[in-house]
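In the order they appear, the protein sequences are chains G and H.
Using UniProt numbering, read the first sequence as starting at 1 and increasing by one per residue.
Using UniProt numbering, read the second sequence as starting at 1 and increasing by one per residue.
I should point out that these hints are in silico values taken from the structure, not numbers from a laboratory.
Values in this document were obtained by computation on a predicted structure and should not be read as measured data.
Ideal Cβ positions, reconstructed from N, Cα and C, are used throughout, including at glycine.
Wrong hints could be hidden among the right ones.
Just so you have them, the derived chain H footprint on chain G, three or more residues with Cβ under 8 angstroms [unchecked claim]:
| # | segment |
| --- | --- |
| 1 | 46-54 |
| 2 | 126-133 |
| 3 | 268-281 |
With beta-carbon atoms standing in for the labels, derived distance ranges [what the hints assert, rightly or not]:
| # | chain 1 | residue 1 | chain 2 | residue 2 | range |
| --- | --- | --- | --- | --- | --- |
| 4 | H | ALA106 | G | THR209 | 54 to 60 angstroms |
| 5 | H | ALA386 | G | MET114 | 35 to 41 angstroms |
| 6 | G | ARG259 | H | ASP161 | 48 to 54 angstroms |
| 7 | H | ARG243 | G | THR209 | 25 to 31 angstroms |
| 8 | G | GLY168 | H | GLU392 | 56 to 62 angstroms |
Computed far set for chain G versus chain H, every beta-carbon distance over 10 angstroms [stated by the list, open to error]:
| # | residue |
| --- | --- |
| 9 | ASP35 |
| 10 | VAL88 |
| 11 | PRO207 |
| 12 | VAL287 |
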Amino acid sequence: MTPTLAPSSRVQLTEDGKLRHFLTTEHLPRSLLEDILDTAASFVDVGGRSIKKVPLLRGKTVVNLFFESSTRTRSTFELAAQRLSADVLNLDIAKSATSKGETLLDTLRNLEAMAADMFVVRHQDSGAPFFIANEVTPNVAVINAGDGRHAHPTQAMLDMYTIRHYKGGFEGLKVAIVGDILHSRVARSQVHALNTLGAEEVRLIGPKTLLPVDAEALGATVFTDMAHGLKDVDVVIMLRLQKERMDSALLPSEGEFFRLYGLNNEKLHYAKEDAIVMHPGPINRGVEIASEVADGPRSVILNQVTFGIAVRMAVMSMTISGQDSAPAGGAAHGS
Amino acid sequence: MAAKAHILIRKGRVIDPASGRDDVADLLIENGRLIRIGASLDAPGADIIEAEGHWVLPGLVDACVHLSLPGSGRAGDIASETRAAAAGGITHLAAQPDCGPVDSTAVVRLIREQAGQAGFARILPIAAMTQGLKGEQLAEMATLAKAGCIAVGNAGGKVADALVLKRCLEYAATFDLPVMFRPQDAALGAGGCAHEGPVATRLGLPGIPAVAESVDLSRDLLLVEATGVRAHFQQISSRESLRLLRAAKKRGLPVTADVSIQHLLLDESALEGFNSHCHVIPPLRSSDDREALLEAVADGTIDAICSQHTPVGSSSKAAPFPATKPGMAGVDTLLSLVLGLVEDGKLELPRALDAVTAAPARCLGIQAGQLETGRLASLCVLDARAEKDYGEQWLSAGNNSPWRRSVLKGSVKLTVCQGKVSWLTD
């Protein structure tokens, strides 16, 4: 009697297991996540060539559909698409224009009429890329560039690439994610990816106001104390703290947050000596991370940005390939 | 068939939870009144309904529906939704005051006129407890009751000021008007669209904690005790609320409660894949809460099962989950889904049927939900073994149900509402 629902993997994958859309890292097989990292590795040196282009998406049209502004993420997707030789259309759509479902659908239908091959979607509502993926016509790929508090899978995969680059793999790794877990789509995607790729332990660290209930159900260990949470970890991922958290009674002040959860050299001492420090950017210096750490020898923050373009190129090329292999009319509609 | 018909229903299994009756018998309706229930009745000239192998039940009483009136933002109208209700064996529907709001006699008159003209089911309007449902100034409760409202309530609109609420309850108690509560603390639930639990955490959906309901329920119960008003709590969803209700009933407070059928059948896991049909308020809670609700229906802590029918068009659900309109259409499937609980061994048949017939009538303080001779007949005849395809036979204008294209057991063949045939299949 319980209604049957479409799991996320059915929406994301073609019948033969290829990546059709990229909406979340959850429920994707390890081999596919590794494929993304391997494919990204093949694109890393493209940026260093005199002609920074490969022809994989030549003749394809990529639409950056940003319902929530993000210059940095949009720019990296734009650059990734251009390096794959795609034509790119950037659309920043004000929230007010899409506050009703009808308008979002109308927007979608209009864009489809322009014969787009791929939508890169950022939206303030969790699940928006799922909704779009279920509504688009076949042979249009949807890539999630961040939805609400739900997922930011390309950011997570570029972080995985960075970790693999510096640590050689994931087996035996202890990874701490610190800060505003509650509102972080990045953290959720990171936890799923790390668990799938075989990390030994994923830790979430923050005050209870910034930890979601049942956070353990994500597949992580929860800490409220930095000394315990950072002990012997191999990777420290700091999250960005939005200023409005102070106004919504989640935190008393930036100062107290930094004293308790901000990463400085003293707190970094709890981690392993060769631990790396990551941050999705942009950094709030003196709020979630001290300059001495952000600019220090263990910081790999700027490398994350470089790797991010290669990872997005990988995901774009793989989803287009998945689209091409999907049978016509084979949209995997959810409920 | 003619209005106020003469009807002889023959050899059906007559189940009337109010009287404890469960036997094969004939029923005779003359001039709309249920005249006799007995063996081998004879009625020359009456329309004969052969009900052998079928069940004859009191017309269902749905304690919580949301009406579709112009401006309510819901799909359909009173005619379409009461027709869907009649096809589901429902004869009486208590309607929330959030369609207008119902704070003037003109709106009450409009509802009654439209329901009367349609003639499919009786609408029992609940009046707004405060003007405009704003929670600030008392509505004209006595006048609205005189116009036909059976109770007062504020639907989802909260009365945040405890003093204003106390005065509302005192005023309602003056006229012995039952007060309908839908507990949810506005601040604790603000911005939320899913149960605060592991599924919402994974999907990144803003949560509504179970304590949002029990905090508000605690305040309401204390004020009910202080004022002595009759109270009915609607759409209870959490285990903790049940603990409070049990204690209140044990203390002898005049309180009753209902739960929606979807909260008995579904839990937070139904949101997987961002299924917007399962976006309801209060949210579908944990499996532990669901089990507790089933136990509470079984032991009578929860008196009634309602549909919480909220018909919205497909466009209102065609959006990212948090941006969709909450609510589920439910009058079509209420009876089939309740019988499904029986088939799954979750509820005994008499209690399950009581929860959709006599019990809600008691909660609402109305004469309905039982097969009582001498009164206008309100009943339905059900083929409990038949299967009904809710893709082909969906009548509500609201497309918003996860069972919208399901095949469920139980098909209503005849519904008689207050002596008039309101639904009849071949």
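Check each numbered hint from earlier against the structure, then list the numbers of those it violates in ascending order. 1, 3, 4, 5 and 6
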